[in-house]
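Novice: Sequences listed follow chains A, B and C, in order. If you count the first sequence from 1, you need to add 4 to reach my numbering. If you count the second sequence from 1, you need to add 1275 to reach my numbering. If you count the third sequence from 1, you need to add 47 to reach my numbering.
These are calculated hints, taken from the structure and not from any lab test. A virtual CB, placed ideally from N, CA and C, is assigned to each residue, including glycine. Mixed in with the good hints there might be a few duds.
Some chain C residues near chain B, calculated using beta-carbon distances under 10 Å [what the hints assert, rightly or not]: (1) 62; (2) 69; (3) 80; (4) 205; (5) 250.
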Amino acid sequence: MSGAAIEVRGFSQDFGGVRKIHALDLDVHRHEIFGIIGPARSGKSTFLCALNRLNDLVRGSRHEGSIAVDGSDIYAPDVDVVALRRKLGMVFATPVPLPRSIYENVAFGARRAGIHGRDRLDGLVRDSLEKGGLWEEVQDRLGTSALKLSGGQQQRLCVARILAVKPEFILLDEPTSGLDPISTMKIEESLRKLKKDYTIILVTNNTKQAARVADRTAFFLNGGLVEVGPTAKIFTAPDDKRTDDYLRGKFG
Amino acid sequence: MGTVGRGARNRLERNDRLVRLALLVVAFSAVSVLLIITVFIIEQGTPIMFKYGLKSFLAGSSWYPSEKVFGLWPMIVGSIYVTLGAMVLGVPFGLACAIVLTEFSSKRVRGVIKPVVELLAGIPSVVYGFMGVVILVPFIRETFGGPGLSVLAASIILGIMILPTIISISVDSLQAIPPSYREGSIALGATKWQTVKMVLLPAARSGIIASVILGMGRAIGETMAVIMIAGNAASVPGSLLAPVRTLTSNIALEMGYAAGEHRQALFATGVILFVIIMVLNTVANVTASRMKGGRRG
Amino acid sequence: MKRRIDPRTEQAVVRTVLWTLTALTVLILVYIIVFILRKGIPALSWEFLSKNPVDMGKAGGIFSTVVGTIALTAGAILIATPLGIGTAIYLTEYTWEGPVTRVIRFGAECLAGIPSIIFGLFGFILFVTKLGFGWSILSGSLTLAFMLLPTIIRTSEEAIKSVPPVYRTVSFSLGSTKWQTVTRVVLPSALPGIMTGVVLSVGRSIGETAAVIFTAGSALRLPTSLFSSSRTMSVHFYILAREGISMPNAYGTAAILIIAILGINILTYYLMNRFIRRYS
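Working from the sequences, and respecting the hints, build out all of it.
Specialist: If you want it as structure tokens, here you go:
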């Protein structure tokens, strides 16, 4: 398929009349890790939630412009939003395991999609946990409560959970902000491996993480895109002074 | 991309809309029942009030159904006396418990008192009435004279019965006060009681008043316990020790065998009772919402 | 010069008064329970529970009233629970605060304040007379169901509101429809809280007398169908005590009632603990 995986054209989003994102234009390429950095309140998370139309659930949300995934406008009238959200899986900043077993957490999305039958689910759960880098640690206690896992393990569980619904894109919203360095490293390692099969968009307030992991990086400020480009360039020779100032820590 | 055809999407939307509609209908069941109750009670009870005249109905001091004399005044007074008596007992005890529960007790003690209060709320009214008959009424008769079946007995038992209502709502309003109020007061050197008296009680005032009004509503609406211990004489009680009949007892005592206009008169009693309760509850809810919503300053 | 009471003395006095009043309240309850159980338990036996009343209740047991109580309570709960939970779901998940929700809540609050005798009257007018069901378990269950409705709505709503909002977000982001989110994530998490409301309503239904007498009647025979008139334990207790038919049997019935209430309260605590433990 030609064209970028995700094409955003002139996209704006309002909540109750307050504009949170202004006229965004950007592309995300297939099988890359696309990093988004910027200070708080810059619209990074809002943008992420626009991609899977999670913002629709907020009362009084409006948008302008378009977002096309694989060439199709996600706001077209005949779009199946439920399928869209499986296609773009999301991992949140705080790991939120559902109050059930590890197995049931991973199987949750698949069950909703109509996949039943112990054999299929068993294989799917194992596969997802392996890809999420958690299988070894939990393989003999799949039936225990997911709430008993450590923070880092819970977050890897959340990754496995979305992998089980066979997405094409993985959206991560500050996934390691509350985690210890080792868990952070493990997750970053998983992302590098997952890039092969998925397209990854990573919002992070830790610029060093973007530098480590992202292929291209975008800098958001006050709801708008300031600059986007290959990570190396953004971090060494950004075009925009604001990007430079932010990376030097002059604000943020 | 994961699109669905126009038909399928409309099906998803339609399902969601159907669910929402079905739940809306269900949600209106409470309101509908309320409306139906109001309609039926009024429909059955008001004709006779207009036939005999509202004034004679409410102010008439004799109730002789067999002679078609329907005066509710003794029962109205009876309900008022008994309710006031219940408040005299219930409010101080109830408030005391609420204050002790929230401000003066350790977690362990609270773990004892709270279940006790909830248990008190669960005891059937007939059991309360029974205790009144077996213990309280003879006691009153022997200590103070009179038949024992009296305003006093009813007030005491009703006072006990409304304790859980007053306690739980007052506790809620006291607990809703932010800790900073307490901390600020203590920091200024006040004792715990001074904090309670001068900061907390005023702050919780609307909630406490709401609990009192709701307690009143419960007392006025109580039937079984009152029938067993109040004596049920259809005359204005002359003293605390005199027997009394309330509006609720009036209905319950005679409903079993009433017919024709007598029965309609009992429905009319129901209307009066219903109106009183509705007014009380609306006032309570308004006061309570002021507790929840409109704290200023 | 104004005489000032030392605040610490004032506090000591007040504390004594408050604690005395509280202790009296606790003692009253303990006294009631001990009294009934002491006099009632001797009358209890397997015969008492399994035999029907004989001779207007002077002899025999209370079996038919036990059946009547169970039938009436079950009927009421079966009607009130779906209606109550459905209302709670609508109020929390399918709509936002506005005139519609205010009307619904107002209706439920008012219903909660109506005394049981009025429900009895209403049930008598509508179910027993107008709809022609007569004094029956059906009339009684319907009437009781509407009495229990506000409680179930209120506790269900609280339980559903306590489910962390992120659970819903996660569910949606994994590709669930709204209904799936409600039934697979919200309701299961809210279940202990909802059950608490149901259990409390069962307790209330067992002890209810005024509404039941005028709708289900007071027949002593074992009920054979929904349209049979039937006596519940609390009605039976009332009649035994009031008419002085048999004090031992009255105490026995009261003891059963108290034990049932105790059991229900304990069950409620167990459920609430499970609810709290889930989120800690």
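Novice: For every hint, state whether the structure bears it out.
Specialist: Against the structure, the hints:
Here the hint on residue 62 (chain C) is kept, as its CB sits about 7 Å from the closest CB of chain B, short of 10 Å. About 5 Å separates the beta-carbon of residue 69 (chain C) from the nearest beta-carbon of chain B, less than 10 Å, and the hint is met. Because the smallest distance between the Cβ of residue 80 (chain C) and any Cβ of chain B comes to about 8 Å, under 10 Å, the interface hint for this residue holds. Checking residue 205 (chain C) against chain B: minimum C-beta separation of about 12 Å lies over 10 Å; hint violated.
Residue-level restraint check for residue 250 (chain C) holds (minimum Cβ-Cβ distance to chain B is 5 Å; threshold 10 Å).
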